[in-house]
Amino acid sequence: MTSALKIVVTVKQVPDPNSALTLEADNTLSREKEVVLDPGDECGVEEALQLKEAHGGEVVLVSMGPERAKDAIRKGLSMGADRGILITDPQLAGADALLTARALAAAIKAESPDLVICGTESYDGSTGMVPPMLAELLGMPQLTMAKKVEVDGSNLKIHRQTADGYEVLEAATPALITVTAGIAEPRYASLKGIMAARSKEIKQVGLSDLSIERGEGAETIEGLADAETRKAGVVIQDDGAAVDRIMQLLAEAKVI
Amino acid sequence: MAKIWVYAELNQGKVNPTALELLAKARDLGDVEAIALGTGAKAAAAILGKHGAKVVHVNEDKAFDDYLAEPATDALAALHKQGAPDLILFGFTPDSRDVAGRLAARLEVGLISSAADIVAKDGAFVAKVPYFGGAKIASMKANKKPAIILVRPKSFESSEAGGTAEVKELSVTIDAGSKRAHILERVVEASEKVKLEDAKVVISGGRGMGGPDNFPLLEDLAGALGGAVGASRAVVDAGWVPYSMQVGQTGKSVRPGVYIAVGISGAMQHTVGMKASKVIIAINKDAEAPIMKMADLGVVGDALKIVPALTAAVKAKKR
Ligand SMILES: Cc1cc2nc3c(=O)[nH]c(=O)nc-3n(C[C@H](O)[C@H](O)[C@H](O)COP(=O)(O)OP(=O)(O)OC[C@H]3O[C@@H](n4cnc5c(N)ncnc54)[C@H](O)[C@@H]3O)c2cc1C
Ligand SMILES: Nc1ncnc2c1ncn2[C@@H]1O[C@H](COP(=O)(O)O)[C@@H](O)[C@H]1O
Chain A
0 MTSALKIVVT VKQVPDPNSA LTLEADNTLS REKEVVLDPG DECGVEEALQ LKEAHGGEVV
60 LVSMGPERAK DAIRKGLSMG ADRGILITDP QLAGADALLT ARALAAAIKA ESPDLVICGT
120 ESYDGSTGMV PPMLAELLGM PQLTMAKKVE VDGSNLKIHR QTADGYEVLE AATPALITVT
180 AGIAEPRYAS LKGIMAARSK EIKQVGLSDL SIERGEGAET IEGLADAETR KAGVVIQDDG
240 AAVDRIMQLL AEAKVI
Chain B
0 MAKIWVYAEL NQGKVNPTAL ELLAKARDLG DVEAIALGTG AKAAAAILGK HGAKVVHVNE
60 DKAFDDYLAE PATDALAALH KQGAPDLILF GFTPDSRDVA GRLAARLEVG LISSAADIVA
120 KDGAFVAKVP YFGGAKIASM KANKKPAIIL VRPKSFESSE AGGTAEVKEL SVTIDAGSKR
180 AHILERVVEA SEKVKLEDAK VVISGGRGMG GPDNFPLLED LAGALGGAVG ASRAVVDAGW
240 VPYSMQVGQT GKSVRPGVYI AVGISGAMQH TVGMKASKVI IAINKDAEAP IMKMADLGVV
300 GDALKIVPAL TAAVKAKKR
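If you're matching them up, the sequences are chains A and B in order.
Numbering of the first sequence is given in numbering that gives the first Met the number 0, commencing with residue 0 and proceeding in unit increments.
Numbering of the second sequence is given in numbering that gives the first Met the number 0, commencing with residue 0 and proceeding in unit increments.
Hints listed in this document are in silico derivations from the structure and should not be mistaken for laboratory results.
Please note that a few of the clues may not be correct.
[Said to hold, decoys possible] Subject to a maximum C-alpha distance of 30 Å in a straight line, what follows is the list of computed DSS-like cross-link-like pairs (lysine-lysine):
no., chain 1, residue 1, chain 2, residue 2
1, B, LYS144, A, LYS108
2, B, LYS178, A, LYS156
3, B, LYS316, A, LYS253
4, A, LYS253, B, LYS144
5, B, LYS277, A, LYS230
6, B, LYS274, A, LYS146
7, B, LYS277, A, LYS108
8, B, LYS178, A, LYS51
9, A, LYS230, B, LYS199
10, A, LYS5, B, LYS194
11, A, LYS108, B, LYS2
12, B, LYS13, A, LYS156
13, B, LYS120, B, LYS2
14, B, LYS194, A, LYS253
15, A, LYS147, B, LYS61
[What the hints assert, rightly or not] Ranges between beta-carbon positions, derived for each pair:
no., chain 1, residue 1, chain 2, residue 2, range
16, B, LYS135, A, ALA92, 19 to 25 Å
17, B, GLY210, A, GLN90, 48 to 54 Å
18, B, LYS144, A, ARG244, 50 to 56 Å
19, A, ALA92, B, GLU184, 40 to 46 Å
20, A, ASN154, B, ASP212, 37 to 43 Å
21, B, GLU107, A, LYS253, 28 to 34 Å
22, A, GLU227, B, LYS2, 27 to 33 Å
23, B, VAL118, A, ARG67, 56 to 62 Å
24, A, ALA171, B, ALA45, 34 to 40 Å
[Stated by the list, open to error] Per the computed footprint, the stretches of chain A lying under chain B, defined by three or more beta-carbons under 8 Å from a beta-carbon of chain B, are:
no., region
25, 162-175
26, 211-220
A virtual CB, placed ideally from N, CA and C, is assigned to each residue, including glycine.
Can you build the whole structure from these sequences, using the hints too?
This is the structure we're talking about:
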């Protein structure tokens, strides 16, 4: 028996991984550059669309960010998602993981989804802490690092990537999962999809709509310093003697 | 003295090595208590004590082995009710991340993730967090009590301090509502001869290896040197080798005596996972590749020629 699934995918807008990150003079990430839908979240959207194709239902995209984060939602809508919600508020500038999770949780709760899909970690934040916080705030179990997802009625099974293989995890929906990049190759948006996305709804909400107050952040950034870099050693051409040089170094390091 | 907890993650009864690294740091920062949950917790307490934990809170309920994140979150929250510590340390590992995130949300304190170091400052804790792919280090002060900080594996060297921990039974009932994400089965795909994290020599291959068929060249060299083979994410994503071999930001952190990067360009997300290696050797066609600027020895040439020649030389020397 397959029953229709209501799926929320969290989508974040991030600097384009294909263009080198740059820092402003004040050490903040340059915001002038290209921004895109997080590649990890794109895989989440793809997985959600495949589940919808198999079971029926609805795919709702939720993002928190500045107004232009609508473009990231629009990208997911053009792939085939049904509608979007953008949480945007000047007070959310510089939000930490907990505030992000609180805002996302409030918007998602109102949707009562069967499944919430997040990326394992965002391209720019890369802390991977929003999903477990979100699961806790939503009161859902979390099944993380999924490289395969199966749904059968209210039964959810995933293959969770581990250091040396995988774990088979099971839970009942509603549940939150995080997906790895390997789970599904994101589809290209068709011209038809792009046209259709223009008329799909993106609801915009602020903190007061969600009854959230900002509160004190978990951390204060006190400073940013250059990381210690290793000094460059010697660079030699492989003129036949390179192997000898490597052998010499291996002997000095006492591994041969 | 600051009161510090170290969450000692157990993997099928064994202490995750990161817990011992955390203890080495924590005992310099204050009075350390460790929390070990699941099968093997009591046996683990002896090891944790040796590494500096004065008290180890244990509970061997099977629920900790069989369900993801929630039972451990419940246990830590229950212990927190008895008295909040100043700092809770977790390893930045998949299992600990799941627990730390939930706990931080439940206690409404937030957290600092992916730290490489911690210093005490004016009664608070400041975490040093690699940022911007590792090019910068941010100093982040934790504002809440308890401060929750997740530390990247291999950030500290573990060492014994020679003590014995007092073992305390942590009483907590894990109710059905927390037994949700059920681990049905653990499947091991990679049977490494030498564990990547523990290897004295790591030879990692990247896209410059040309294809999966050439990876046995690296296996041969690793075999001759008694080392392990790692990889860049590019070749893991391409499916040449399993994820278990990935070194870097989203893979494993290693700090062997010698790291040989073969056909790897040296993107920051890769180097953040290996730059603590004692000696770095790079083999790359391109003299301008970023890895050449951090290697102790950079060899400009064709990996497919140099690696077999090197393997032969190592074997010849051993004879
Ligand atoms: C959020 C995020 C997380 C990431 N996490 C990781 C991570 O954990 N680990 C990781 O490795 N990467 C990670 N990456 C990817 C990283 O940015 C790079 O894309 C990746 O490391 C590149 O892999 P590579 O060096 O094998 O490939 P390339 O960059 O394509 O380099 C191939 C190199 O091989 C050389 N070469 C080619 N042919 C030969 C030959 N015959 N002999 C010798 N040399 C040759 C070339 O000159 C080149 O330098 C991450 C990226 C993101 C965005
Ligand atoms: N601002 C945001 N808007 C929507 N989703 C987010 C946001 N921040 C984090 N997420 C989700 O959480 C995942 C992990 O992000 P992070 O915890 O920042 O590494 C991302 O892949 C997203 O799915």
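Verification of the hints:
1. Note on B:LYS144 and A:LYS108: the hinted pairing holds, with a Cα-Cα distance of about 28 Å set against a maximum of 30 Å.
2. With a C-alpha separation of about 15 Å, the suggested pairing of B:LYS178 with A:LYS156 holds against the 30 Å cut-off.
3. Taking the CA atoms of B:LYS316 and A:LYS253, the gap is about 13 Å. The hint holds against a cut of 30 Å.
4. Restraint check: the Cα-Cα separation between A:LYS253 and B:LYS144 comes to about 46 Å, which exceeds 30 Å; the hinted pair is violated.
5. For the hint linking B:LYS277 to A:LYS230, the alpha-carbon distance of about 12 Å falls within 30 Å, and the restraint holds.
6. A distance of roughly 29 Å separates the Cα atoms of B:LYS274 and A:LYS146; the hinted pair therefore holds under the 30 Å criterion.
7. Taking the CA atoms of B:LYS277 and A:LYS108, the gap is near 50 Å; set against the 30 Å cutoff, the hint is violated.
8. For the hint pairing B:LYS178 with A:LYS51, the CA-to-CA distance comes to about 27 Å; that is within 30 Å, so the pair holds.
9. Taken as a hint, the A:LYS230 and B:LYS199 pair is honoured in the structure, with Cα atoms around 22 Å apart against an allowance of 30 Å.
10. The hinted pair formed by A:LYS5 and B:LYS194 fails the criterion: a straight-line CA distance of about 42 Å is larger than 30 Å.
11. Taking the CA atoms of A:LYS108 and B:LYS2, the gap is about 36 Å. The hint is violated against a cut of 30 Å.
12. Note on B:LYS13 and A:LYS156: the hinted pairing holds, with a Cα-Cα distance of about 26 Å set against a maximum of 30 Å.
13. About 15 Å separates the Cα atoms of B:LYS120 and B:LYS2, which keeps this hinted pair within 30 Å; it holds.
14. Restraint check for B:LYS194 and A:LYS253: the C-alpha separation of about 19 Å stays at or below 30 Å, so the hint holds.
15. Between A:LYS147 and B:LYS61 the alpha-carbon distance is near 26 Å, which keeps this suggested pair within the 30 Å criterion.
16. Restraint check, B:LYS135 to A:ALA92: a C-beta distance of roughly 20 Å satisfies the suggested window 19 to 25 Å.
17. Distance hint check: the CB atoms of B:GLY210 and A:GLN90 are about 51 Å apart, consistent with the given range 48 to 54 Å.
18. Our hint of 50 to 56 Å for B:LYS144 and A:ARG244 holds, since their Cβ atoms are close to 54 Å apart.
19. Taking the beta carbon of each, A:ALA92 and B:GLU184 are about 44 Å apart, inside 40 to 46 Å as hinted.
20. Distance hint for A:ASN154 and B:ASP212: a CB-CB separation of about 41 Å, consistent with the stated range 37 to 43 Å.
21. For the hinted restraint 28 to 34 Å between B:GLU107 and A:LYS253, the CB-CB distance of approximately 51 Å leaves it violated.
22. Here the CB-CB span from A:GLU227 to B:LYS2 is close to 31 Å, well matched to the stated 27 to 33 Å.
23. Between B:VAL118 and A:ARG67 the CB atoms are about 38 Å apart, so this pair departs from the stated range of 56 to 62 Å.
24. One distance hint, 34 to 40 Å for the beta-carbon pair A:ALA171 and B:ALA45, holds here, with the actual separation near 39 Å.
25. Counting residues of the region 162-175 of chain A whose beta-carbon sits less than 8 Å from any beta-carbon of chain B gives 11, enough to reach three: the coverage restraint holds.
26. Counting residues of the region 211-220 of chain A whose C-beta sits closer than 8 Å to any C-beta of chain B gives 6, which meets the bar of three, so the coverage hint holds.
Against the hints set out earlier in the document, violations occur for numbers 4, 7, 10, 11, 21 and 23.
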